[in-house]
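Sequences listed follow chains A and B, in order.
Residue 388 in my numbering sits at position 97 of the first sequence, and the numbers go up by one each step.
Residue 45 in my numbering sits at position 15 of the second sequence, and the numbers go up by one each step.
Read the hints as simulated data drawn from the structure, not as lab findings.
Careful: at least some of the hints might be erroneous.
Said to hold, decoys possible - Reference excerpt, derived from the structure (chain B facing chain A, CB under 7 Å, subset only):
{"hint": "1", "residue": "74"}
{"hint": "2", "residue": "92"}
{"hint": "3", "residue": "94"}
{"hint": "4", "residue": "237"}
{"hint": "5", "residue": "241"}
{"hint": "6", "residue": "286"}
{"hint": "7", "residue": "326"}
{"hint": "8", "residue": "327"}
{"hint": "9", "residue": "334"}
{"hint": "10", "residue": "335"}
{"hint": "11", "residue": "337"}
{"hint": "12", "residue": "339"}
What the hints assert, rightly or not - Below 27 Å or equal to it, Euclidean Cα-Cα: the simulated BS3-like pairs (lysine-lysine) are:
{"hint": "13", "chain 1": "A", "residue 1": "479", "chain 2": "B", "residue 2": "302"}
{"hint": "14", "chain 1": "A", "residue 1": "479", "chain 2": "A", "residue 2": "539"}
{"hint": "15", "chain 1": "B", "residue 1": "205", "chain 2": "A", "residue 2": "580"}
{"hint": "16", "chain 1": "A", "residue 1": "479", "chain 2": "B", "residue 2": "68"}
{"hint": "17", "chain 1": "B", "residue 1": "116", "chain 2": "B", "residue 2": "302"}
{"hint": "18", "chain 1": "A", "residue 1": "479", "chain 2": "A", "residue 2": "408"}
{"hint": "19", "chain 1": "A", "residue 1": "479", "chain 2": "A", "residue 2": "580"}
{"hint": "20", "chain 1": "B", "residue 1": "68", "chain 2": "A", "residue 2": "408"}
{"hint": "21", "chain 1": "B", "residue 1": "255", "chain 2": "A", "residue 2": "535"}
{"hint": "22", "chain 1": "B", "residue 1": "244", "chain 2": "B", "residue 2": "255"}
{"hint": "23", "chain 1": "B", "residue 1": "302", "chain 2": "A", "residue 2": "483"}
Virtual Cβ for every residue (Gly too), placed ideally from N, Cα, C.
The lines below spell out each chain.
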Amino acid sequence: MAVLAAATRSRVRPQPLRRQLSRAALHAFLVAMCVVWLFPLAWAIYEALRPISDTTLNGYLSWPSGGLSLDNFTTAWTQANLPYFYLNTLYIAVPGVILTLVIASMLAFAMSQFNWKFNVLVLMIFTAGNLLPAQVIIIPLYWIYLNTPLPDFVSDNGLLYDQYIGIILIHVVFQTGFATFVLSNYMKTITKEITESALVDGANVLRIWWSVILPLCRPALAAMATLLFTFIYNDFFWALILMKSGDKRPIVSALNNLQGEFFTNYNLLAAGALLAAVPSVLVFIAFQKHFVRGLTLGATKG
Amino acid sequence: MAETTKTGTAPVTGKKAGTGALVSRRRRRYSVLTRHDKLILTLMVGIPLAFDVALIWGPTLASVVLSFTNWDGIGSVTAKNFVGVKNYENLFGGYLFFRPALYHNIIWLAFLTVVATPIGIFLAVLLDREIHGTRIYQSIFFMPVVLPLVVVGFIWELQYAPTDGFINNALGIAKGHHLIDWLGNPSINLLSAVVAASWRHVGYVMVLYLAGLKSVDPTLREAAKVDGATERQTFFRVVLPVMAPINVIIVVITTIESLRAFDIAYIINRGKNGLELLSTLITNNSLSEASLVGFGSAIAVILLLISLVPIVSFLVSVNRNPT
Numbered sequence: 292m293a294v295l296a297a298a299t300r301s302r303v304r305p306q307p308l309r310r311q312l313s314r315a316a317l318h319a320f321l322v323a324m325c326v327v328w329l330f331p332l333a334w335a336i337y338e339a340l341r342p343i344s345d346t347t348l349n350g351y352l353s354w355p356s357g358g359l360s361l362d363n364f365t366t367a368w369t370q371a372n373l374p375y376f377y378l379n380t381l382y383i384a385v386p387g388v389i390l391t392l393v394i395a396s397m398l399a400f401a402m403s404q405f406n407w408k409f410n411v412l413v414l415m416i417f418t419a420g421n422l423l424p425a426q427v428i429i430i431p432l433y434w435i436y437l438n439t440p441l442p443d444f445v446s447d448n449g450l451l452y453d454q455y456i457g458i459i460l461i462h463v464v465f466q467t468g469f470a471t472f473v474l475s476n477y478m479k480t481i482t483k484e485i486t487e488s489a490l491v492d493g494a495n496v497l498r499i500w501w502s503v504i505l506p507l508c509r510p511a512l513a514a515m516a517t518l519l520f521t522f523i524y525n526d527f528f529w530a531l532i533l534m535k536s537g538d539k540r541p542i543v544s545a546l547n548n549l550q551g552e553f554f555t556n557y558n559l560l561a562a563g564a565l566l567a568a569v570p571s572v573l574v575f576i577a578f579q580k581h582f583v584r585g586l587t588l589g590a591t592k593g
Numbered sequence: 031m032a033e034t035t036k037t038g039t040a041p042v043t044g045k046k047a048g049t050g051a052l053v054s055r056r057r058r059r060y061s062v063l064t065r066h067d068k069l070i071l072t073l074m075v076g077i078p079l080a081f082d083v084a085l086i087w088g089p090t091l092a093s094v095v096l097s098f099t100n101w102d103g104i105g106s107v108t109a110k111n112f113v114g115v116k117n118y119e120n121l122f123g124g125y126l127f128f129r130p131a132l133y134h135n136i137i138w139l140a141f142l143t144v145v146a147t148p149i150g151i152f153l154a155v156l157l158d159r160e161i162h163g164t165r166i167y168q169s170i171f172f173m174p175v176v177l178p179l180v181v182v183g184f185i186w187e188l189q190y191a192p193t194d195g196f197i198n199n200a201l202g203i204a205k206g207h208h209l210i211d212w213l214g215n216p217s218i219n220l221l222s223a224v225v226a227a228s229w230r231h232v233g234y235v236m237v238l239y240l241a242g243l244k245s246v247d248p249t250l251r252e253a254a255k256v257d258g259a260t261e262r263q264t265f266f267r268v269v270l271p272v273m274a275p276i277n278v279i280i281v282v283i284t285t286i287e288s289l290r291a292f293d294i295a296y297i298i299n300r301g302k303n304g305l306e307l308l309s310t311l312i313t314n315n316s317l318s319e320a321s322l323v324g325f326g327s328a329i330a331v332i333l334l335l336i337s338l339v340p341i342v343s344f345l346v347s348v349n350r351n352p353t
């Protein structure tokens, strides 16, 4: 069909040779750039597929002599107990994304559908907080995490430190700034009269938030959910500092220790790193549209 | 309700709604809200705000206070712990790693600004035209943005490793004495790290810029074309000025990413031996290796002060261009 379209177009308006040449040059350039861009990833996949015996014998820069196999992947998977670390990530990412969306959508609803005196100030506090480098706050935060007592049923050591709940908490607080900024920009485009008339009809604000505003924000919420999952999944820093037990860490934070302990050669390391990246990549492939929209909602509607 | 609203604001239709109309509107809305509603709304804003203050702005302030102490993180801070500006004197005077770390952050920023960001913008401009396969190209350039930074670091380790990495093997210097230690040599490892970071940054900038380009009113370009402007002229004289808000965002994001740089340096060598960054100095001095809480906090304050520049410019830009 694309060919047909191109054909009709060229029949209507014959393209001069120079223009066709510049098109060809453009594609050649873009293809070359793509090759450069894909190369590091392709190389990692190639290394992961080669048995270590093969590379030891022939060097890394060689064609496979004994064929390729998934052995490195299975070894990394079982030796380093990767499923276990994926699960750790899940314990953090799922509640993290849901809580952030609930809280940020409430905040955005309250601030975009009603006029408060300090609307702008509050939004700025959240947005600016999200933009701070994590290392600016980490020293006092570490102390807070070590000194905040929690009841036993939420924390097995009685603290925020070294607990899933602690990691979830800092993700939610940090990401709420970003999600609120994006969602409130989105909600500003919804007329306030919807909320007004629902109020007159006797609905309370919680009901309006849940059954009037949230359904209207579905595209923005889907975009945010995708983006937040990736942000939380990809995070390395919080669990590195605020979790002591290596076996509780989510997979991305655990990779550093796994590197020294189990991924003893580059082929295994390649396999392990690629496996750790799979969920992010899958989410991106499945929700690419939402993902990109989420990023651009944050940047262009500002 | 729709009718009452109409009678209330009927004379005011355009953007220039008078303040009088706004006030009367607001009064009416609040009269509709019950006390219960007001309480719920206050909690919706108040609880997250309390957490934000307790876990982000409180610690920010605490970092500032701690930077004037010699606290080691044990026990409580007393009057005896306050040492004035001594930490800052040490930082700018005797401490060997502060200046290098600051320069490294600046080099990181410079590289992203001068190399990675323009490549991203250039790709966006190329891909904004109607060309076949633009989506495939976009996905490929964007792919590294989805990967965890740590994985980006590992993927590039496979390129840089001295004897087993691709680059030295391709150059044929992996076996000899003249191999280049891309990640170990302190005079080049920063550049190696920032190249890895750029692999990701380019795609990020490209996507943001593409969204900006798409939002430019196409009639503007057509008008320029009719007036006989070349493609280059159109871009620099028409498109770029219209994109001022997105340009600010890109500058802000580039700066903040450079100040946040941590993960890649950490997995290479924990941010030492040529890879010192302000962020790694903070954790190394105060948390993971030593417990010089006051001293590390002084570095955190410097990082905070620098970060405020892009953050404030972002907030100003957001408020100048509402929606």
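Checked hints:
| no. | hint | verdict |
| --- | --- | --- |
| 1 | 74 | holds, 4 Å |
| 2 | 92 | holds, 4 Å |
| 3 | 94 | violated, 10 Å |
| 4 | 237 | holds, 6 Å |
| 5 | 241 | holds, 4 Å |
| 6 | 286 | holds, 6 Å |
| 7 | 326 | holds, 6 Å |
| 8 | 327 | holds, 6 Å |
| 9 | 334 | holds, 5 Å |
| 10 | 335 | violated, 10 Å |
| 11 | 337 | holds, 6 Å |
| 12 | 339 | violated, 11 Å |
| 13 | A:479 with B:302 | violated, 47 Å |
| 14 | A:479 with A:539 | violated, 41 Å |
| 15 | B:205 with A:580 | violated, 46 Å |
| 16 | A:479 with B:68 | holds, 20 Å |
| 17 | B:116 with B:302 | holds, 24 Å |
| 18 | A:479 with A:408 | holds, 16 Å |
| 19 | A:479 with A:580 | holds, 22 Å |
| 20 | B:68 with A:408 | holds, 14 Å |
| 21 | B:255 with A:535 | violated, 62 Å |
| 22 | B:244 with B:255 | holds, 17 Å |
| 23 | B:302 with A:483 | violated, 54 Å |
Of the numbered hints given earlier, the model fails hints 3, 10, 12, 13, 14, 15, 21, 23; all others are met.
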